[in-house]
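So the chains spell out like this:
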Amino acid sequence: MMKNVMEVLFLLMLLFTVHAKEKSYNPPEKPALTRCRSPEKETFTCWWEPGSDGGLPTTYALYYRKENSETVYECPDYHTAGENSCFFNKNDTSIWVNYNISVVAANALGRAFSDPVDIDVVYIVKPNPPEKLKVAVMEDKGWPFLRVSWEPPHKADTRSGWITLIYELRVRLEEEDDWEMHLAGQQKMFNIFSLRSGGKYLVEVRCKPDHGFWSEWSSTSYINVPDYFPREKSMWILVAAFSAFIFLILTWLLHMNTHRLKHCILPPVPGPKIKGFDKQLLKNGKSDEFFSALVVPNFPEASPSKYEDMLVVEFFEVKEQELMLEESNDLLDGGLKYESSRSDSDSGRGSCDSHTLLLDKCREAKEERQTNRDGSLIEKQIRQKDRKEEAISPDISSGRVKTWPSLYSPLPQYGSNPLDKQSSLEMAKQHSLSISSFLTQPGTKDALGLSYMDFCLSNKQNHVHPQTQVQTRSNVNISNIGHKHAPAGLHSPTTQYVEVQRVNKEDMVLLQPVLSRCGLIEDCPHLPKGEDYSKVKGVDYDNRLLLQREGTGEDMCSGMDQETNGERGNCYTTSTVSIMQKPTACIYTVMPIQEGMALTLNGYVDTANMGNLPSC
Amino acid sequence: MTVMQKVIWSLLLWPCLQTVSIPLDCREDQGSLLRCPSISQEKLLDRVIQHAELIYRVSEESCSMFEEMFIPFELQLQRNQAGYACITKALPIPSSRSEIQLISDKWLLHSVLMLVQSWIEPLVYLQTSLNLYDVAPDTLLNKTKWVSEKLISLEQGVVVLIKKMLDEGLLTTNNSEQGLFQYDAQPEMLESVMRDYTLLSCFKKDAHKMETFLKLLKCRQTDKYNCA
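Top to bottom, those sequences are chains G and U.
According to the numbering used here, the first sequence is numbered sequentially starting from 8.
According to the numbering used here, the second sequence is numbered sequentially starting from 778.
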């Protein structure tokens, strides 16, 4: 029985203790000070986090101590700032002073002290967000921008300098997520550029003291940016109009210069400019008809003149050496021979034969000849049976009879047939001038004058250079042919190359001595520089080519009236030896060919022997 | 140039000569009574405030740099342990807003002057102490050197300001201020570091005080009744 009572009591006691343990009370846990903040550097608040209260009602007390004294004060205000907080008002707040603060939790069973915290009010300032945020859209030369303005939190005394605040704002479009941050410094106004037109923007601003914490972001301000697109559009329209205008101008220019461009890009192939040349006939393949068509009445001239021979002689002389080099079937006509001469493509030939010129030049000339010979082959074929000459000059083919055709080149004929040569000469003369002042008299001095003109076509042209050297050297062969009056004084053939400068409106052929060749060579002793060209004045009734000399330079008395009176020539020139002379227009008539006369058959006056001639 | 031209030019340039001859910053010996007529009181005050702001900013940078490098995190919170109290704690300087609102302009200026003068020597000591460090970065040394130099010019400015504003006579450098700062000749390493850290942080605080006082003073010049 006693045992049973004892057991029951024991069980009851156990039950009690168990029951008692479920409701145990403990002293409170240690609280912790979470933070202390001052909004304006004049007051501050501290918050703490209470621990477990141990089941018993617990009270919390905050005690603080200033740095210089040992006095412990208790928190003056537990309620203003809410629960678990302590508010220090102005009177209790000292700046630049370290506070040592701690919180004590107490209940019936015990007390708990938090860890102490040292703070200086100056360093715990977290201001309120800025107030009265205003956003407006403004325009700067047509481009809009946002003007944001705000005011500092009303509690912070920035005016007196007690607090210095710096601001920061952020902007974003309504539909986007990323903010664009802008630091505004101490100013209370800010401009935001580079906006997107037609968008809705959100703006917020916050502030911070020079040492402290950032405030919270202010309330958001919304703003709509109006459309300003038309500005951009008008600029594009302007650009488009301008480019169209430029394009039109270019097209017009192109159109105006098609002709020239065509010549530039696709130089026309020179066509035959032979009187009576009929392409159709050629195509038909009936050569007889074709050739008969080419025959021009009154050609060749029947009446020979004694000058012909002379002319011929000259030709032969000049090109005689070349004959060997030519093809054997080259003897078709004298007229065709010019091809080869053309193929020589340089007047250097003559000059090579000239004693006065350097040998180097000869080599060049020969090389050129070689190269150009092939080019002339084709042309040769065409002219094989014919004496017509083609215009070599591409200019002619282009329709501009600006230069004399290379008809003159054929003049240096060295065919064995004097007659041929004569005729070729005539041909040359005939065809050379597409103008009325064409020399019909074969072998006349006129022809001479014309025929002995050299071409110094530029090397740019692919054609053969129909530079026919005017050679005025006497040759033994001349005598063989039976010519007298071989110009003896032609030892020093001051070969002058004349190129047809142009044919002007009055049907005047303007000749210009070719200087290019000489320009290459250092010493061309007898070739005066700055020479003038002789101008064809006209053809008189006697079929004389009247040339008039202009300016300085060699005189070219090509108007040779050797026909009748050899004495008639009053071809006077100014002293030819000098290089630079005053331009004078001298009109030459025929200069009789005399012994020792410097007048060359081709109408050139050999400067070396000009002493005989009266001067203008 | 003829004599006549010279005379005319000199007459024309006479005002310029006058102004040129007087230095603008009025940094003379403290014993002179020379005033600076060329700069107005407002401009001088602005300039002094700028000085103080700069000094504060640089000292703040130096302090945080030092803290990062030499002070372990645990010790950073305990700046005012016993024995390392700020040297200027004994000075009668207002330390709360309400106090400051009560004191006069004169007292504000004098407080600033006191602060400045009391920090000149300790900063020199700080400089020598920092030079002894092996790993002190040059920027830190340069900053502290700059601060000590600027402080001297700030002192001069405040002296002139006092003369201008308060029409007081010269204030000689107080030799009694030197007593505030005493240091051991051969401190231990840790002590040395802690001492330097304390110096830096205290100076930072005092620089802020100077800046605030001067700004308040400026506010009072313009608007006496709304300022603090």
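Careful, some of the hints might be misleading.
As the list claims (entries may be wrong) - Below are the PhoX-like pairs computed for lysine-lysine, each with C-alpha atoms no more than 25 Å apart in a straight line:
#1 U:K866 x G:K195
#2 G:K97 x U:K820
#3 G:K162 x U:K995
#4 G:K73 x U:K820
#5 G:K97 x U:K866
#6 G:K195 x U:K995
It should be emphasised that the hints constitute simulated quantities derived from the structure, not laboratory data.
- Task: For the pair we were handed, K195 of chain G and K995 of chain U, check the Cα-Cα distance against 25 Å.
- Result: Holds, at roughly 20 Å.
- Restraint check for K97 of chain G with K866 of chain U, where alpha carbons must lie at most 25 Å apart: Given pair K97 of chain G, K866 of chain U holds - Cα atoms ~21 Å apart, limit 25 Å.
- Message: Tell me if the straight-line CA distance from K97 of chain G to K820 of chain U falls inside 25 Å.
- Response: With Cα atoms ~33 Å apart, K97 of chain G and K820 of chain U exceed 25 Å; violated.
- Holds or violated: are the alpha carbons of K162 of chain G and K995 of chain U at most 25 Å from each other? At roughly 20 Å apart (the allowed maximum being 25 Å), K995 of chain U and K162 of chain G satisfy the hint.
- Message: Can you confirm whether the C-alpha distance between K73 of chain G and K820 of chain U stays at or below 25 Å?
- Response: violated (38 Å)
- Pairwise hint evaluation, K195 of chain G against K866 of chain U, where the allowed Cα distance is 25 Å at most: violated (37 Å)
In summary, the numbered hints that this structure violates are 1, 2 and 4.
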